[in-house]
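Can you make the complete structure from the sequences, with help from the hints?
In case you want the letters, here they are:
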Amino acid sequence: MKESIKKPVLAVGPFHPLQEEMEFFQLTVDGEIVTDIDVRISYNHRGIEKISETLQFDQVPYLVSRICGICSASHPLAYVQAVEEIAGITPPERALYVRTIINELERIHSHMLWVGLAGHFIGYDTVFMWAWKYREPVLDLLEEITGNRNNYGNVKIGGCREDVPNEIIGKMLKELDALEKKTDMLTKAVLDDPVLHARLKGVGILSYEDAVKYAVTGPTARGSGVAIDVRRDDPYAAYADLDWNVITQPEGDVFAKAVVRLLEVFESIKIIRQAAKKLPDGPIAVEVKEIPAGEAVGHTEAPRGETFHYVRSDGGNRPVRHKVRAPSFVNVPSFKASCIGEEIPDVTITLAAVDPCYSCTERLAVIDENNKIVHDYETLLKLSREKTAKMKKEML
Amino acid sequence: MSWKIWSLKKSPWVFHVNVGACNNCDIEIVNCLTPKFDIERFGMKLVGSPRHADALLVTGVGTRQAVVRLREVYRQTSKPCVVFIIGACACGTGIFHNGYHVAGPVDKVIKEVDPNAIIAYVPGCPPKPEAIISGVVKALSAI
Amino acid sequence: MNQEELKNKISEIKDKLESIEQPLENRMYLTCKAENNYDISKFLFEDVKARFVTVTGIDAEHCFEVLYHFSYDQTSCVITVKAIISDRENPSIESITSILPAAEWIEREIHDVLGIDFKNHPNMRRLILSDDWPEGVYPLRKEIKK
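These protein sequence lines map, in sequence, to chains C, E and F.
To convert a position in the first sequence, counted from 1, into the numbering used here, add 485.
To convert a position in the second sequence, counted from 1, into the numbering used here, add 178.
To convert a position in the third sequence, counted from 1, into the numbering used here, add 155.
Honestly, the hints are just simulated from the structure, not real lab data.
Everything numeric in this text was worked out from a predicted model, so none of it was measured.
Note that beta-carbon positions come from the ideal geometry of N, C-alpha and C, so glycine has one too.
Honestly, I wouldn't trust all of these hints.
As the list claims (entries may be wrong) - The calculated lysine to aspartate or glutamate pairs, modelled on EDC-like cross-linking and capped at a C-alpha distance of 20 Å, are: (1) E:LYS289 <-> E:GLU250; (2) C:LYS698 <-> F:GLU201; (3) E:LYS306 <-> C:ASP625; (4) F:LYS204 <-> F:GLU159; (5) C:LYS698 <-> F:GLU249; (6) C:LYS535 <-> F:GLU216; (7) E:LYS306 <-> C:GLU628; (8) F:LYS171 <-> F:ASP194; (9) F:LYS162 <-> F:ASP194; (10) C:LYS821 <-> C:ASP695; (11) E:LYS223 <-> C:ASP610; (12) C:LYS659 <-> C:GLU752; (13) F:LYS162 <-> C:ASP718; (14) C:LYS667 <-> C:GLU621; (15) E:LYS214 <-> C:GLU665; (16) C:LYS535 <-> F:GLU290.
To be verified - Over the 12 Å line for every Cβ pair with chain E, so calculated as not near, a few chain C residues: (17) PRO493; (18) GLU652; (19) GLY767; (20) VAL771; (21) PRO777; (22) LYS821.
What follows is the structure, given as structure tokens:
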């Protein structure tokens, strides 16, 4: 009799916004403990790989920048590097530096966004408001350089579309100085907070072995002690000329991933400062005539991990195959290793820890045996926040 | 002006529906809540259920899998409900118009459910938070 | 190991490969028949300790190509294993999910969009296409125009 009772299933989703990563989680729960996880994606599948085959080589960067709004500098860069590899094009030196600056600005605003959302999920709305306030100047800088706050569309085959004007550089460095001070304050506030220690340490652990087996990338991997970073391992743009560190943490829990992201903001600021100082004069693009037949791969380090593009050309003016692998496509399945055995109030933050994207956690619902919704998103968020508040009380 | 419309115009609560967006419009919507723009001071806030919402903020192209859920969400809102269609994809599927998995644009899907739906468009890729706020203000003063 | 040692290591499995191409110093393309792919992927992951990146499925008109991308980060080398499936009617290949759980999703995706069957895959349900997508229509095949 007892076996026939269906285990309660907690449904997370379906709305969640990356190219292939929009998902609908079904967590099988035993009391408060998650025992299994199943994922259904498709909600955000727009068929970009097929659309790409109908566009010309020079139009594709504008399509792939719309794969993910936050990685809208890394995706086109990976594609463009693949095409440049096929055609044997070397972009001018200044273009490489401009690409570096745009990509690092993107990393700063993406990491700040994550820190804010993570704070929101565990009931620290102050962190949310601070982090999002501090990332605004970065968006303004990007708007001033490329013309848009997001979706910069700034790389093209053979170089860049918009230059970083010399008169902006001074302003940019000043903004970064201000940002560094604020991030320093935020980092200390987050890392020294005993409640956050208690709330995030030991939660959602992804071990080193699992990180290798699930082939996770980016801060998710570096938070588990896997020291991979495409910027260092296969240097592109101007990263080989600059001096910076790969941040790793051995623990693999949510706290480690938060530390990695916060410290990477400082590394990014360091990279931009050096790039602005070394920025060579000269043109920002070379002329591209035609793309010969061939195949190539391009990969870049997006804020969430390695973005991988494979392009095949038959000598025409359109790619015959263009494969895109966004970082969350490998990071998300690792929930199978990190979520099982966790409590329901910890799931929101564990899911958020790989930085999949925002809206998924906005549409949570727990369903009991009769498919009746017992917990919706708000109650789950409340559960998560109550746990934080309880811990806070116990500490006082 | 009926009392329903009158009450709709004060402190509208919004529910955010993503039906296949690249995240940009969603981030800009959340940006509206943060200190620089802070629309919550006008009583606008994001709510967790369509049943509490006076307005829907819809972003994204409307993929085949998502439009089914969008229709359901629209049916669950209390009427009158203003549908704000945010971003180029949602307004006319934009760069994804010939995708095999696209069932949008969103206004077509909403009109299938309710031909008299109140729809407001905020174009842009993505629209800036200022544009979203201005769109909401314009739409609310027009009805 | 350095690039030279990596090349020597890979030549250990030469008899399973049709060809080894190296268009650039840090890009390698290994071509093989579909049935050898499992052993080669296992060798790259377990012996060479390369990092799995992703799988690309290609409809190459007369055959299907399944490309397994690995990255060997010490020498910044991207190794691509090209498995050729010549049977267009019933394309199938051995799944590598048992050695690499990271490949589970991408194999399901390729099954959805190209109709390639991955043998011994633990969970071959629909992943990327919508619930109402018709059976037997594979959008990334070349005969589908839109």
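Structure-based check of each hint:
no.	hint	result
1	E:LYS289 <-> E:GLU250	holds (13 Å)
2	C:LYS698 <-> F:GLU201	holds (10 Å)
3	E:LYS306 <-> C:ASP625	holds (11 Å)
4	F:LYS204 <-> F:GLU159	holds (16 Å)
5	C:LYS698 <-> F:GLU249	holds (18 Å)
6	C:LYS535 <-> F:GLU216	holds (15 Å)
7	E:LYS306 <-> C:GLU628	holds (11 Å)
8	F:LYS171 <-> F:ASP194	holds (9 Å)
9	F:LYS162 <-> F:ASP194	holds (17 Å)
10	C:LYS821 <-> C:ASP695	holds (10 Å)
11	E:LYS223 <-> C:ASP610	holds (14 Å)
12	C:LYS659 <-> C:GLU752	holds (16 Å)
13	F:LYS162 <-> C:ASP718	holds (18 Å)
14	C:LYS667 <-> C:GLU621	holds (12 Å)
15	E:LYS214 <-> C:GLU665	holds (19 Å)
16	C:LYS535 <-> F:GLU290	holds (19 Å)
17	PRO493	holds (21 Å)
18	GLU652	holds (23 Å)
19	GLY767	holds (31 Å)
20	VAL771	holds (26 Å)
21	PRO777	holds (26 Å)
22	LYS821	holds (22 Å)
Taken one by one, the earlier hints all hold for this structure without exception.
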